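Participant: Those protein sequences? They're chains A and B, same order as listed.
Note that my numbering gives residue 199 to position 65 of the first sequence, counting from 1, and the numbers run on in steps of one.
Note that my numbering gives residue 335 to position 12 of the second sequence, counting from 1, and the numbers run on in steps of one.
Honestly, the hints are just simulated from the structure, not real lab data.
Just so we're clear, the structure is a prediction, and the values are computed from it rather than from any experiment.
Hints may contain errors.
What the hints assert, rightly or not - Below, computed lysine to aspartate or glutamate pairings styled on EDC-like, alpha-carbon distance capped at 20 Å:
(1) K379/B <-> E172/A
(2) K179/A <-> E454/B
(3) K151/A <-> E454/B
(4) K437/B <-> E172/A
(5) K151/A <-> D361/B
As the list claims (entries may be wrong) - Covered stretches of chain A (chain B as the covering partner; in silico rule of three or more C-beta atoms under 8 Å from a C-beta of chain B):
(6) 138-152
(7) 199-212
We treat Cβ as the ideally placed atom computed from N, Cα and C, and that holds for glycine.
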Amino acid sequence: MNVPIRLFARARDVVGKDVVLVELQPGSSVGDIRRRLEAEFPQLKSLLERSALAVNDEFAPDSSTIPSNAEVALLPPVSGGS
Amino acid sequence: MIQLTHDPIDYYRLTEEVRRPGCGGVVTFLGTVRDLTDGRRTAALDYEAYPAMAQKKMAEIERDVRERWPVGELMMVHRLGHLEVGEVSVAVAVSCPHRDQAFEACRHAIDQLKLIVPIWKKENWADGTSEWVHPVSP
Numbered sequence: 135m136n137v138p139i140r141l142f143a144r145a146r147d148v149v150g151k152d153v154v155l156v157e158l159q160p161g162s163s164v165g166d167i168r169r170r171l172e173a174e175f176p177q178l179k180s181l182l183e184r185s186a187l188a189v190n191d192e193f194a195p196d197s198s199t200i201p202s203n204a205e206v207a208l209l210p211p212v213s214g215g216s
Numbered sequence: 324m325i326q327l328t329h330d331p332i333d334y335y336r337l338t339e340e341v342r343r344p345g346c347g348g349v350v351t352f353l354g355t356v357r358d359l360t361d362g363r364r365t366a367a368l369d370y371e372a373y374p375a376m377a378q379k380k381m382a383e384i385e386r387d388v389r390e391r392w393p394v395g396e397l398m399m400v401h402r403l404g405h406l407e408v409g410e411v412s413v414a415v416a417v418s419c420p421h422r423d424q425a426f427e428a429c430r431h432a433i434d435q436l437k438l439i440v441p442i443w444k445k446e447n448w449a450d451g452t453s454e455w456v457h458p459v460s461p
């Protein structure tokens, strides 16, 4: 299945697109998406390590399985501030 | 009530909207665009959200605050788009029967917002360069 991954902020600027399609086997996990993104976009590596992934608008651990027709987003660290 | 907006935040109206006869304490927090960060001068900021998730997370924070404090009303608004130095980027207004509750509830809401709501800012420095702010977690 082809899963669209939404990109934001520096991740989008680095890749040059706001959505990328990643081809995954059914039953793939969030961790698989991380590895695919890193392989396809090596320039994302350091940011990817610090980013969260969201599935259907919820933070998703690397172990969670991607449901079909999921909306996936790569979320770089938010700006925080103090 | 929570909101994302591209328009200037009317924090007077926001504060008025949370006032209740049963609430003797109202706290309004404003986050504004600062001119200096680590000695570098900011010209402007750009805020970007993942809108659906940002609204969902802000609604979660509102529910959480209402469970933990006796909130009369709570308003949480974040501005998106291009903001000049001094403009209000985020506002949280909370009313509670007593001021300690209102201070704590407001503090919790803004701290959680900064932690879990997917909104990013880009610094546009006065020297013409720009960069997204993605802090390394402590």
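Participant: Now, for every hint given, state plainly whether the structure supports it.
Facilitator: Against the structure, the hints come out as follows:
At most 20 Å may separate the alpha-carbon atoms for a hinted pair to count; K379/B and E172/A exceed this at roughly 28 Å. This hinted pair checks out: K179/A and E454/B have alpha carbons roughly 18 Å apart, not beyond 20 Å. The suggested pairing of K151/A with E454/B holds, with an alpha-carbon distance near 17 Å, which does not exceed 20 Å. For the suggested pair K437/B and E172/A, the alpha carbons sit about 27 Å apart, so the restraint of at most 20 Å is broken.
With a C-alpha separation of about 31 Å, the suggested pair K151/A and D361/B falls outside the 20 Å cut-off, and the hint is violated. Three residues within the 8 Å Cβ limit are the bar, and the stretch 138-152 of chain A against chain B gives 5, so the coverage statement holds. Remark: the stretch 199-212 of chain A is confirmed as covered by chain B, as 5 of its residues place a Cβ nearer than 8 Å to a Cβ of that chain, reaching the required three.
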